[in-house]
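Asker: These are the residues of each chain, in order.
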Amino acid sequence: MVDLKIDMVKIFEYAGRPFLGILEEFGRTVLLFFSAGAWAFRPPFRLRVIFKQMETVGVNSLTVVLITAISSGMVLALQSYYGFRMFGGEGLVGATVALSLTREIGPVFTALMVTGRAGSAMAAEIGTMRVKEQIDALYAMSVNPVQFLVMPRILAGILMLPVLTIVADFIGIMGGYFVGVRLLDINSGIFMARIYEMVKLGDIFNGLIKSACFGLILSAVSCYKGFYTTGGAQGVGRSATQAVVVSTVSIFISDFFLTAVMF
Amino acid sequence: MIRLSGVTKSFGRQRVLDGLDLEIPGEKITVILGQSGSGKSVILKHIIGLMKPDSGEIYINSTDITKLNDRELNEVRKQFGMLFQDAALFDSMTVGENVAFPLREHTRLPKKEVRRIVEEKLEQVGLKGATEKMPSELSGGMRKRAGLARAIALDPKIILFDEPITGLDPIMSDAIDNLIIHTQKYTRATCVVITHNIASTFKIAHNIAMLYEGKIVEFGEPDRIRNSPHAFVQRFIRGEASEKDGIY
Chain A
1 MVDLKIDMVK IFEYAGRPFL GILEEFGRTV LLFFSAGAWA FRPPFRLRVI
51 FKQMETVGVN SLTVVLITAI SSGMVLALQS YYGFRMFGGE GLVGATVALS
101 LTREIGPVFT ALMVTGRAGS AMAAEIGTMR VKEQIDALYA MSVNPVQFLV
151 MPRILAGILM LPVLTIVADF IGIMGGYFVG VRLLDINSGI FMARIYEMVK
201 LGDIFNGLIK SACFGLILSA VSCYKGFYTT GGAQGVGRSA TQAVVVSTVS
251 IFISDFFLTA VMF
Chain B
1001 MIRLSGVTKS FGRQRVLDGL DLEIPGEKIT VILGQSGSGK SVILKHIIGL
1051 MKPDSGEIYI NSTDITKLND RELNEVRKQF GMLFQDAALF DSMTVGENVA
1101 FPLREHTRLP KKEVRRIVEE KLEQVGLKGA TEKMPSELSG GMRKRAGLAR
1151 AIALDPKIIL FDEPITGLDP IMSDAIDNLI IHTQKYTRAT CVVITHNIAS
1201 TFKIAHNIAM LYEGKIVEFG EPDRIRNSPH AFVQRFIRGE ASEKDGIY
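Top line first, the protein sequences correspond to chains A and B.
So for the first sequence, the working numbering puts the first residue at 1; every next one is plus one.
So for the second sequence, the working numbering puts the first residue at 1001; every next one is plus one.
What the hints contain is simulated information worked out from the structure, not anything from laboratory work.
Note that CB positions come from ideal geometry on N, CA and C, so glycine has one too.
Mixed in with the good hints, there may be bad ones.
The list that follows gives simulated cross-link-like pairs (lysine-lysine, DSSO-like), each with its CA atoms no further than 30 Å apart [what the hints assert, rightly or not]:
(1) B:1067 / B:1052
(2) B:1215 / A:132
(3) B:1028 / A:132
(4) B:1185 / B:1128
Counterexamples of contact, computed for chain B against chain A with all Cβ distances above 10 Å [unchecked claim]:
(5) 1002
(6) 1003
(7) 1045
(8) 1049
(9) 1077
(10) 1091
(11) 1232
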């Protein structure tokens, strides 16, 4: 009986360990984010570093985001056309594409693309700096690495994701317009009228808030993974992979809750 | 002056520093000698506040840095320059930007003056004309020299050298040794060098501290170390392994 009790404790310990690990990682990521937030309001304000990160996260991710957005808009138009044609509702293709993009696909796909491109780079760059003692060098030169490395990246994530998303929304709708109007012969006036009729400003606005949240998540997770890298080159690779995986999963999970709250 | 008193540090079950006492005199070159993995870098990281001891005090002049908060510690660190083992140059910046980094962070000097200081420091370490080069374009010795130029950019009172000649060929090692001697003479800074290279130690050191099993077992001028009665010191100087090292 006593043995059984000990075994049960061990089983619970074993089963709970990964959960505790996840909780600990989550807590440390949140702490890093708050620390970066506090440093954002303390001098020196390195605007050049912040603009540089905005360029990396925003401008340099533009091409992949545009390709993804235009493809998504075109595919959405094609797929919804075949569905709506069954009951003569082809005119709703435009509104379907626009609503799907602004509320869901625009923010989520943009965040996933930025995670793959900029998030992994953030983790790899900061991770390399960690293993090559460059973060120690920052401390040694009286420069706080959270303020110098983490804060600008998180800020760039929060600011640039909505900008990329609005571009993705627009380009995606253009892609849908091209397929719907030019290739599938939907009336251009009806296509646009349904968009104006059904897409509310709130849909676009909430989508942008979502994207800012995703920007925060992906940059905080990626910086955290990079900042606490251990184990040389292998550790840097592991951090970059984990940054993408954890950011992606976190984006999907938070998307559900954000959608439930907003819409 | 730097003073470590009763410093203890453990990583997991392994006690690396075991009640270590060490007094490093000002305006001299002090070399901390010890085997690989004996905790030399740990001492250096404690001196600059990158690590906190489990117990004990670390005084920089008269300030116990173990009691300071981050902001106060940052102020103390402004007295330091540190050359890291692999130089720790920022890969995304040119050599010139690396050297200018502490000047841009901690002074309000005009750009022209920063550029002048950068060129002066690079010339001091024999890297004139390397301002626009990226760290990836430099050899190991050049990286160390660029790292030293960055470390002395703010004319620090204390310069720490973490294994400055490890991985360099004998001629470049000698050049770096000369550079350390020249830098100390020129800046009158307190220099702390950690190494396991005996020839280099006897060439540059005013004082030598011998680290063994988490403690300083011998301290003094090179002659005192040469004539030390301590068995480990003698074995280390002669480069003799024994059964106790586990690799005999």
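Asker: Could you run down the list of hints and mark each one as holding or not?
Answerer: Hint by hint, here is what the structure shows:
This hinted pair checks out: residue 1067 of chain B and residue 1052 of chain B have alpha carbons roughly 10 Å apart, not beyond 30 Å. Distance restraint check for residue 1215 of chain B and residue 132 of chain A: the Cα-Cα separation of roughly 28 Å lies within the 30 Å cut-off, and the hinted pair is therefore satisfied. With a CA separation close to 29 Å, the supplied pair residue 1028 of chain B and residue 132 of chain A stays within the 30 Å bound. Distance check on the hinted pair: residue 1185 of chain B and residue 1128 of chain B sit about 20 Å apart at the alpha-carbon level, within 30 Å; holds.
Every C-beta of chain A lies more than 10 Å from that of residue 1002 of chain B, the closest at about 15 Å, which supports listing it as non-interface. With a cut of 10 Å on Cβ distances, residue 1003 of chain B stays outside the contact zone with chain A, its closest approach being about 20 Å. Non-interface call for residue 1045 of chain B relative to chain A: violated, since the shortest CB-CB distance, roughly 7 Å, does not exceed 10 Å. Its closest Cβ contact with chain A, about 8 Å, brings residue 1049 of chain B to no more than 10 Å, contrary to its assignment away from the interface.
Listed as outside the interface, residue 1077 of chain B is inconsistent with that label: its C-beta sits roughly 4 Å from the nearest C-beta of chain A, within the 10 Å cut-off. With a cut of 10 Å on Cβ distances, residue 1091 of chain B falls inside the contact zone with chain A, its closest approach being about 7 Å. The beta carbon of residue 1232 of chain B is kept farther than 10 Å from every beta carbon of chain A, the shortest such distance being approximately 29 Å.
Hint compliance for this structure: hints 7, 8, 9 and 10 are broken, all remaining hints hold.
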